[in-house]
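Undergrad: Sequence:
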Amino acid sequence: MRMTGEPDSAGDLAGREVIHRALDLGVTMLDTAELYGNGRNEELVGRALGGRRAGSRRGEALLCTKVGALIGPNDSLVLRGDPDHIRAACRNSLRRLDTDVIDLWYLHRRDPEVPIEESVGAMAREVAAGWVRAIGLSAVTAAELRAAHAVHPIAALQSSWSLTDRVIEDPTGTEGDGTHAVTTVCAELGVAVVPYAPQGAGLLAGAAPGARPDGRGPTGESEELRALRGVVGDVARRHGALPGQIALAWSASRAAELGVPVVPIPGTTRLAHLEENAAARDIVLSPDDLAALDTASAALWRRGRSG
Numbered sequence: 001m002r003m004t005g006e007p008d009s010a011g012d013l014a015g016r017e018v019i020h021r022a023l024d025l026g027v028t029m030l031d032t033a034e035l036y037g038n039g040r041n042e043e044l045v046g047r048a049l050g051g052r053r054a055g056s057r058r059g060e061a062l063l064c065t066k067v068g069a070l071i072g073p074n075d076s077l078v079l080r081g082d083p084d085h086i087r088a089a090c091r092n093s094l095r096r097l098d099t100d101v102i103d104l105w106y107l108h109r110r111d112p113e114v115p116i117e118e119s120v121g122a123m124a125r126e127v128a129a130g131w132v133r134a135i136g137l138s139a140v141t142a143a144e145l146r147a148a149h150a151v152h153p154i155a156a157l158q159s160s161w162s163l164t165d166r167v168i169e170d171p172t173g174t175e176g177d178g179t180h181a182v183t184t185v186c187a188e189l190g191v192a193v194v195p196y197a198p199q200g201a202g203l204l205a206g207a208a209p210g211a212r213p214d215g216r217g218p219t220g221e222s223e224e225l226r227a228l229r230g231v232v233g234d235v236a237r238r239h240g241a242l243p244g245q246i247a248l249a250w251s252a253s254r255a256a257e258l259g260v261p262v263v264p265i266p267g268t269t270r271l272a273h274l275e276e277n278a279a280a281r282d283i284v285l286s287p288d289d290l291a292a293l294d295t296a297s298a299a300l301w302r303r304g305r306s307g
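Start counting the sequence shown at 1; every next residue gets the next number (UniProt numbering).
If you are wondering where the hints come from, they were derived from the structure by calculation, not from laboratory data.
The structure presented is a predicted model; accordingly, all values stated were derived computationally and were not measured.
Possibly wrong hints are sitting among the right ones.
Said to hold, decoys possible - Computed Cβ-Cβ distance ranges for the label pairs, DEER-style:
| id | residue 1 | residue 2 | range |
| --- | --- | --- | --- |
| 1 | Arg238 | Pro261 | 25 to 31 Å |
| 2 | Asp170 | Ala256 | 17 to 23 Å |
| 3 | Glu221 | Leu62 | 34 to 40 Å |
| 4 | Pro73 | Ala227 | 41 to 47 Å |
| 5 | Gly230 | Gly50 | 44 to 50 Å |
| 6 | Ala129 | Arg57 | 38 to 44 Å |
| 7 | Arg91 | Arg238 | 47 to 53 Å |
| 8 | Ser9 | Ala227 | 40 to 46 Å |
| 9 | Asp84 | Gly55 | 18 to 24 Å |
| 10 | Arg281 | Asp234 | 18 to 24 Å |
Positions of the beta carbon are idealized from the N, C-alpha and C atoms, including for glycine.
Construct the entire structure; sequences and hints are all you get.
TA: Below is the structure:
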C-alpha cells in the first residue's frame, strides 16, 4: 500500500475510500511501512481507520507495518536494524498510525551491519512492552528465518512469490539453505507467507514486462513468459475471470499444497482493482488448471536459473 496525500487532499480522500471499501469487503490486513512516503502512508492509514476517535474502524483491521528501511539522500535506501532505531521507530509508527498497538510488525530488510538476532531481539522487547502483538520478517533466507525464530516466534514472512517468482520454493536457490526451501521452513515453524507481488509485479495482471525495483523475476518478454501469460489467460477465460485473479487463486492453491498459511497482498490504489482482487478468493482452480500453470511457470524458472 503506497498511497500518500496531505490530510483531506484528493489523494488522501481516495486512499481512505479504498481502505474503507477493503474493510467492507472483508479485506482486513492493511500493510504499510515507515519507508512508504517517509511515514506519510502510515499517517494516511491512521486517518482512514479513525485512530482512537469515536466511530473508529481500527478494530476491524489487522494493522501491519515495517521497520528498518528508510529513504536516504538522493532517494537511496538506508537500512537501520539497530536497537536504537527500532525502539524509536516503534514509537513513531504508533503515533503516525494513531494506535495503541501494532498487530504485526515486520523487519523490512535485514541490516547487513546488525545480526538479525539483535534486530529481532529489539523488536521482541516492544512485544514484551505491549506495543506490538506479533513479529514478521521480509525478504530473508531460510537460515535467517530460523535464526530469527530462535530469538522470538516469527508470525509471518513477506516475500516475492508468484507464478513468475518461485525462488522461495527452491532449496538450492538464493534464499534456500541448500537443503530446505524458505517455504519448507515456514511450514515447519508455522510461519505464514505474505506474498507482496502475487501477480508477478503486474506481469500477470496486464502490465508490460520491465525491470522490477527489487531486481527479481523476469524483466523481458521471453518466450517462456509469453507462454505463461497465455496459459494464465486461458485459465482465466475458463473461469470467466481476469488473469490477475487467477494469479491470486494460484497463490492460495500452491500454499495449501505446501502446507503454508498464505495471505497475498497484491496492493492497489484503485477501487476497481480492489474489487477484482477480493473476488479472486471465490475462484477454485481445477487439478488440470494447476498442472498447466505449474508447467508453464516451471519452464520460465528453468530459463531463469540457466540464464
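Undergrad: State for each hint whether it applies.
TA: Checked hints:
1. Distance hint check: the CB atoms of arginine 238 and proline 261 are about 27 Å apart, consistent with the given range 25 to 31 Å.
2. At roughly 19 Å, the beta-carbon separation of aspartate 170 and alanine 256 lies within the given 17 to 23 Å, and the hint holds.
3. Taking 34 to 40 Å as the suggested C-beta distance range, the pair glutamate 221 and leucine 62 conforms, at roughly 37 Å.
4. Checked against the given bound of 41 to 47 Å, the beta carbons of proline 73 and alanine 227, roughly 43 Å apart, stay inside it.
5. Checked against the given bound of 44 to 50 Å, the beta carbons of glycine 230 and glycine 50, roughly 45 Å apart, stay inside it.
6. Under the hint 38 to 44 Å, the C-beta atoms of alanine 129 and arginine 57, about 25 Å apart, miss the expected range.
7. For arginine 91 and arginine 238, the Cβ-Cβ distance of about 51 Å falls inside the hinted range of 47 to 53 Å, so the restraint holds.
8. Taken as a hint, the range 40 to 46 Å holds for the pair serine 9 and alanine 227, whose Cβ atoms sit roughly 44 Å apart.
9. Judged by the Cβ atoms, the range 18 to 24 Å given for aspartate 84 and glycine 55 is violated: they are separated by roughly 37 Å.
10. Between arginine 281 and aspartate 234 the beta carbons are some 21 Å apart, a value that agrees with the proposed interval 18 to 24 Å.
The structure is inconsistent with the numbered hints 6 and 9, although it conforms to all the rest.
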